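With the first letter of the sequence shown counted as 1, position 395 gets the number 395 in this note's numbering; the numbers rise by one all the way through.
Be a bit skeptical, because a hint or two may be false.
[Stated by the list, open to error] Straight-line Cα separation of at most 25 Å, DMTMM-like style, residue types lysine to aspartate or glutamate; simulated pairs:
{"id": "1", "residue 1": "K154", "residue 2": "D262"}
{"id": "2", "residue 1": "K269", "residue 2": "E306"}
{"id": "3", "residue 1": "K413", "residue 2": "E378"}
{"id": "4", "residue 1": "K318", "residue 2": "D330"}
{"id": "5", "residue 1": "K239", "residue 2": "D220"}
{"id": "6", "residue 1": "K218", "residue 2": "E317"}
{"id": "7", "residue 1": "K196", "residue 2": "E225"}
{"id": "8", "residue 1": "K401", "residue 2": "D416"}
{"id": "9", "residue 1": "K318", "residue 2": "E280"}
{"id": "10", "residue 1": "K319", "residue 2": "D367"}
{"id": "11", "residue 1": "K263", "residue 2": "E90"}
{"id": "12", "residue 1": "K239", "residue 2": "D163"}
{"id": "13", "residue 1": "K187", "residue 2": "D105"}
{"id": "14", "residue 1": "K391", "residue 2": "E225"}
{"id": "15", "residue 1": "K285", "residue 2": "E272"}
{"id": "16", "residue 1": "K187", "residue 2": "D163"}
{"id": "17", "residue 1": "K239", "residue 2": "E89"}
{"id": "18", "residue 1": "K218", "residue 2": "E144"}
{"id": "19", "residue 1": "K401", "residue 2": "E387"}
{"id": "20", "residue 1": "K275", "residue 2": "E225"}
{"id": "21", "residue 1": "K285", "residue 2": "E306"}
{"id": "22", "residue 1": "K239", "residue 2": "D330"}
{"id": "23", "residue 1": "K340", "residue 2": "D288"}
{"id": "24", "residue 1": "K175", "residue 2": "D163"}
[Said to hold, decoys possible] With beta-carbon atoms standing in for the labels, derived distance ranges:
{"id": "25", "residue 1": "M393", "residue 2": "K285", "range": "51 to 57 Å"}
{"id": "26", "residue 1": "Y186", "residue 2": "G308", "range": "34 to 40 Å"}
{"id": "27", "residue 1": "A382", "residue 2": "T142", "range": "18 to 24 Å"}
{"id": "28", "residue 1": "Q360", "residue 2": "D202", "range": "34 to 40 Å"}
{"id": "29", "residue 1": "L279", "residue 2": "G149", "range": "31 to 37 Å"}
{"id": "30", "residue 1": "P164", "residue 2": "E378", "range": "48 to 54 Å"}
{"id": "31", "residue 1": "Q360", "residue 2": "D163", "range": "52 to 58 Å"}
{"id": "32", "residue 1": "R398", "residue 2": "T369", "range": "54 to 60 Å"}
{"id": "33", "residue 1": "Y186", "residue 2": "S107", "range": "23 to 29 Å"}
{"id": "34", "residue 1": "H166", "residue 2": "V371", "range": "54 to 60 Å"}
{"id": "35", "residue 1": "H166", "residue 2": "Y365", "range": "54 to 60 Å"}
{"id": "36", "residue 1": "G326", "residue 2": "R398", "range": "51 to 57 Å"}
FYI, nobody ran anything at the bench for these hints, they're computed from the structure. Computed from a predicted model, the values in this text were never measured in an experiment. Built from N, CA and C at the ideal position, the CB exists for glycine as well.
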Amino acid sequence: MQLTLRKTQIKTLQITKKKLFLLFSGQIQIKVVSLWLIKCYKKHDKAKITDMTTDKTAIRKVTRKRGAKAQKAPLKSRTISNDLIPIEEETWLLQPIAVTMMRHDYSLIQVRILVSIVESLQSILHGILNNKRGFQLDLFHTDELDEDGRMPIKLPFKELGVDPNHYPQLRNSLKMLASIPVEIPYKTAEGRKYTKATNLCDVYIPEDRSYNKYAILKLDHSVAERLVSLDFGYHRLGKQIVFACKNRYTQRIYMFIESWVDKGRTVIKTFEFRKMLRLENNYKKFSDFCRRVLDPAMQELRELAEKGFCDCHFEYEKKYDRGQRGGEPDELIFIIHRTKDKMNVQLQEMTQNQRRQFQQYLVQYFDFTPVNAQAMAERITAETYQEAVQKLMSLRDRFTKTFVKDKAAYTFKSLDEMLKSKEVPNTIVEEVE
């Protein structure tokens, strides 16, 4: 009986040169060879990868060792899911413009954490708007602060939209908050300034193995004051919209354009925009800045808006002051589009009704001409309406006690100052013609 072996079989069984020599020289009996072949096959049956070769095809079979630890799949970018929250069911937050214009270099998850902090401050912000809280000792209630004077915020992991398999990365993102510097704008008597905080908060993560994972964030009193400051005004913010973004620059730009959505357009100096995103020294070539920052954000917000998951999106133009045709523009012009949905239609109708009512107040009680009253009323938005009405009530009460020769001029100046205080810092508004 003659035994023949293919080269591929010899390679698969990893036969040693010595045994091959004995095999082909006939010095090993067939029975011994058979037992030896069975032993080799059993040995290689435990291998991770087995090459099975036939006359027609070569099949590569991949198996896994028993007891081997499964590895986590890498994070992949996902397409826009139809399971996101539609605009009609959006969680709208009140966000101070000081937070929107804060300079930082946060990751995607860290921006979500920031928005969650803003969400936890909603009762305080509404209290300030309703004049139930002041900017002195009663800004924060005693039960809102710890014994050390800092404000604790409990943040459950499950509320951050992170898969439990990626909680280790979430912990790292939380810990990094304690070391990433931020700059929060504030107003002084001399004008606008930026204050640098060494960090936003300190982070405490319990080491217990409880099912409900969470972290405790502690804000210094001064930082908490900055986060609820309405010196620059405020705007609404869609929490789920921020969470739906896959790009951290999309998150930041969405916040920015949301603060200008009522105007439909805003202009900002390119260098100030870079500083807001902490990209002064990145993407020096402006075409790279567009490719990596502006264009992806524009596309993502447009796709979210088209699917009904975002209330606005934008386009941008470059503005050159010295006649250049390329390179870094002096300013960026953002053209902001509202998404046409039922909620926005209702908001627009409500705003128009409020403006008509406000116009009537100015003519009836403050001696405005119809033309001037209409011009002032057009500056009123849904966000500023309540405060503007309160201003009129306060002025009317003052006029009953104090003689004012030109009530219209006095009222115009008061309203003008109030509305200008709501403008976003470092931006210039251009009237849409």
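Hints broken by the structure, by number, lowest first? Structure breaks hints 1, 2, 6, 10, 16, 21, 22, 23, 27, 28, 32.
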